[in-house]
Amino acid sequence: MMPFKSIYYSERFLKIIFGFSLFMVLVMGGIAYKHIRQLSRSTADVQHNYEVHLELEKLLSALKDAESGKRGFIISRDSTFLEPLLLSSLELDKNMEHLKFLTKDNPEQQKNIAELKAKIVKSLDIFKKTLDLAATDNLNSPEFIAGFREGRQTMNSVRFKIIEMTTHESDVLGTSKEKSSKNISNTPMLLYYVLILSLLILLLTYLQNSKNLKVLKEKNELLETFKKSTTQSEIISKHGNWIWHIEENTFEYSDNLYRLLGEEPQSFEANLANYMDFVHPDDVDKLTEQVNKMMENEDLPFIHYRIIQKNGSIKHFKAYGKLLIDSDGHKKILGTTADITDEIENYRLIEKRNLELERSNKELSSFNYVASHDLQEPLRKIQTFLSRLEEKEQDHLSNNGKVYIERIKSSSTRMRSLIDDLLQFSRTNRSEEALEDSNINILLETAKHDLVEIISDKRARISSDFIPSMKVIPFQIKQLFLNLMSNSLKYSRELTAPVITITYSQTKASDLPKIKYSKHNLYHTITVKDNGIGFDQDYAEKIFILFNRLHNKNEYSGTGIGLSICKKIVENHNGYITAEGDINNGSIFTIYLPLS
Numbered sequence: 002m003m004p005f006k007s008i009y010y011s012e013r014f015l016k017i018i019f020g021f022s023l024f025m026v027l028v029m030g031g032i033a034y035k036h037i038r039q040l041s042r043s044t045a046d047v048q049h050n051y052e053v054h055l056e057l058e059k060l061l062s063a064l065k066d067a068e069s070g071k072r073g074f075i076i077s078r079d080s081t082f083l084e085p086l087l088l089s090s091l092e093l094d095k096n097m098e099h100l101k102f103l104t105k106d107n108p109e110q111q112k113n114i115a116e117l118k119a120k121i122v123k124s125l126d127i128f129k130k131t132l133d134l135a136a137t138d139n140l141n142s143p144e145f146i147a148g149f150r151e152g153r154q155t156m157n158s159v160r161f162k163i164i165e166m167t168t169h170e171s172d173v174l175g176t177s178k179e180k181s182s183k184n185i186s187n188t189p190m191l192l193y194y195v196l197i198l199s200l201l202i203l204l205l206t207y208l209q210n211s212k213n214l215k216v217l218k219e220k221n222e223l224l225e226t227f228k229k230s231t232t233q234s235e236i237i238s239k240h241g242n243w244i245w246h247i248e249e250n251t252f253e254y255s256d257n258l259y260r261l262l263g264e265e266p267q268s269f270e271a272n273l274a275n276y277m278d279f280v281h282p283d284d285v286d287k288l289t290e291q292v293n294k295m296m297e298n299e300d301l302p303f304i305h306y307r308i309i310q311k312n313g314s315i316k317h318f319k320a321y322g323k324l325l326i327d328s329d330g331h332k333k334i335l336g337t338t339a340d341i342t343d344e345i346e347n348y349r350l351i352e353k354r355n356l357e358l359e360r361s362n363k364e365l366s367s368f369n370y371v372a373s374h375d376l377q378e379p380l381r382k383i384q385t386f387l388s389r390l391e392e393k394e395q396d397h398l399s400n401n402g403k404v405y406i407e408r409i410k411s412s413s414t415r416m417r418s419l420i421d422d423l424l425q426f427s428r429t430n431r432s433e434e435a436l437e438d439s440n441i442n443i444l445l446e447t448a449k450h451d452l453v454e455i456i457s458d459k460r461a462r463i464s465s466d467f468i469p470s471m472k473v474i475p476f477q478i479k480q481l482f483l484n485l486m487s488n489s490l491k492y493s494r495e496l497t498a499p500v501i502t503i504t505y506s507q508t509k510a511s512d513l514p515k516i517k518y519s520k521h522n523l524y525h526t527i528t529v530k531d532n533g534i535g536f537d538q539d540y541a542e543k544i545f546i547l548f549n550r551l552h553n554k555n556e557y558s559g560t561g562i563g564l565s566i567c568k569k570i571v572e573n574h575n576g577y578i579t580a581e582g583d584i585n586n587g588s589i590f591t592i593y594l595p596l597s
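Last residue of the sequence shown: 597 (our numbering), numbering continuous.
No lab work stands behind these hints, which were simulated from the structure alone.
Be careful, since some hints might not be right.
[As the list claims (entries may be wrong)] Result set (DSBU-like, lysine-lysine): computed pairs, CA atoms no more than 30 Å apart in a straight line:
(1) Lys95 to Lys118
(2) Lys228 to Lys120
(3) Lys520 to Lys543
(4) Lys333 to Lys323
[Claimed, not checked] Here are the in silico distance ranges between beta carbons for each label pair:
(5) Lys332 to Thr231: 19 to 27 Å
(6) Glu359 to Phe303: 27 to 35 Å
(7) Glu446 to His521: 49 to 57 Å
(8) Asp256 to His521: 32 to 40 Å
(9) Arg360 to Asp278: 21 to 29 Å
(10) Tyr348 to Pro379: 44 to 52 Å
(11) Asp300 to Asn440: 26 to 34 Å
(12) Val122 to Val28: 50 to 58 Å
(13) His521 to Asp278: 50 to 58 Å
(14) Asp300 to Gly20: 40 to 48 Å
(15) Asn250 to Tyr348: 35 to 43 Å
Beta carbons: idealized from backbone N, C-alpha and C, even for Gly.
Between the sequences and the hints, there should be enough to build the whole structure, so can you do that?
This is the structure:
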């Protein structure tokens, strides 16, 4: 059904229908011509038959005149009656010759004419014999009477032969008329049917053409809209189109290509020489070489060059061309030239910012070095001298002095913890380590081992599910577990043993909370739940901010960096971390790491 439908709506189908219509018109014309010829032939046959009849009548009339003249002479002895006989003899010869000519295509009539001629000759001989006898007054002689009778019989046989020939001509004419009449009677109906069929075919062709014209009009309107849209797209995206007709070696430039050159649309002839006038002198040779390769290989890969507008502005262009062969076999290259000046400038800006970022990273590395060495050195000296001061001058210090020393010790300890956490945060960078297959359960146990003392002191209970191996940065995942469990132990409730539960599951990307789009389908899901003091859910996002604390430093120790490190580690693994809190009922931290 679909192939027929496609053929029905094709231009080829319309040509076939139109050609068939013309063929039917030609057939109608041929049939009409044939029947007109038949009618003309029938008319000619009638005319011919009429002439034969006329000649036979003349022949018979001449014989009658001759016989009448003979009888008049016999009765009156007047020689004037013999003049028709002499004239009839001459007329008979002419009539016979003409009659023979008229029936030359009819063998039967030719035979009848021969018989008729013989009878007429015999009749004339009898005329002559009886006239001779009449001239000698032998009218009562047996010879005259026998000749007279024989002449009458001969004349009757001539008359019968002429009637026979006339009847034959009438039969031939009747047969011809019957055949012609039958053809002519069928011709109008046949022509009518052919005419109706041709009109139906032409009507079908007209309707299809009308429909195709409507479709063509809609397509033309659509093409016009598309052309305007393409023009707007060229202007917005800063690109222009061009066509190289290979066989004619001619070019076409779109209006916007002229605008990219800083010129009015179609303001100069589209050719290579005029275009090269805009190319930067340093890029002319390179572009010329690429164009020559395009003409040789009938292809143009991406090329970059610069142009100079008349106002002195330098623009960076990128061009590309692809060979196209149309339905007639004509070759052309369709090309696009884009103004990438903004891209170049943005790239340079990015390079500049990358250099600045690299410089900042170097400064950060320098800070890390200072924090790890230069800042910790005076801090160690402060703590060392405080220790000596307590040992040697303890008895000489006043009560206020002892309080001040304790405060200095507390501040220095907190300072050391802060420096260590800052170093840990700055080192939590994925670029420093590669992902590798790791046993997460071992990393979890290692983190527990680092907290064994505080776990024992608080009589904490930690349970965990089996966690499958993952591709991770091992030391960062260990630090993640360490910080989360340390946070749960630190913020446990008084007089209540901490209970920490670590579970594992898998979550579809579509079920992830607050995630609208993800390139991964599944995520490892690890939850760390405790029964500690919890927190207000309004602060669920703030607790991951660097140096942010929900409690006074006198109530709970810490620097406010631990959870920030956790978030940074999870993000290094393209994952997500969320927090849920309920005051005095504990907290839940959920980690999502991509599985696939």
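Do the hints match the structure? See the list:
1. Lys95 to Lys118: Cα-Cα ~12 Å, so holds.
2. Lys228 to Lys120: violated, 99 Å
3. Lys520 to Lys543: holds, 27 Å
4. Lys333 to Lys323: OK: Lys333 and Lys323 at ~8 Å, within 30 Å.
5. Lys332 to Thr231: 19 to 27 Å: Holds - the Cβ-Cβ distance for Lys332 and Thr231, about 23 Å, lies within 19 to 27 Å.
6. Glu359 to Phe303: 27 to 35 Å: holds, 29 Å
7. Glu446 to His521: 49 to 57 Å: violated, 27 Å
8. Asp256 to His521: 32 to 40 Å: The hint (32 to 40 Å, Cβ to Cβ) is violated, given that Asp256 and His521 are roughly 46 Å apart.
9. Arg360 to Asp278: 21 to 29 Å: At 43 Å between Cβs, range violated.
10. Tyr348 to Pro379: 44 to 52 Å: The hint (44 to 52 Å, Cβ to Cβ) holds, given that Tyr348 and Pro379 are roughly 45 Å apart.
11. Asp300 to Asn440: 26 to 34 Å: This hint is violated: roughly 54 Å between Cβ atoms.
12. Val122 to Val28: 50 to 58 Å: Given range 50 to 58 Å: holds, Cβ gap about 56 Å.
13. His521 to Asp278: 50 to 58 Å: Holds, at about 54 Å.
14. Asp300 to Gly20: 40 to 48 Å: Because 42 Å falls inside the window, the suggested range holds.
15. Asn250 to Tyr348: 35 to 43 Å: holds, 36 Å
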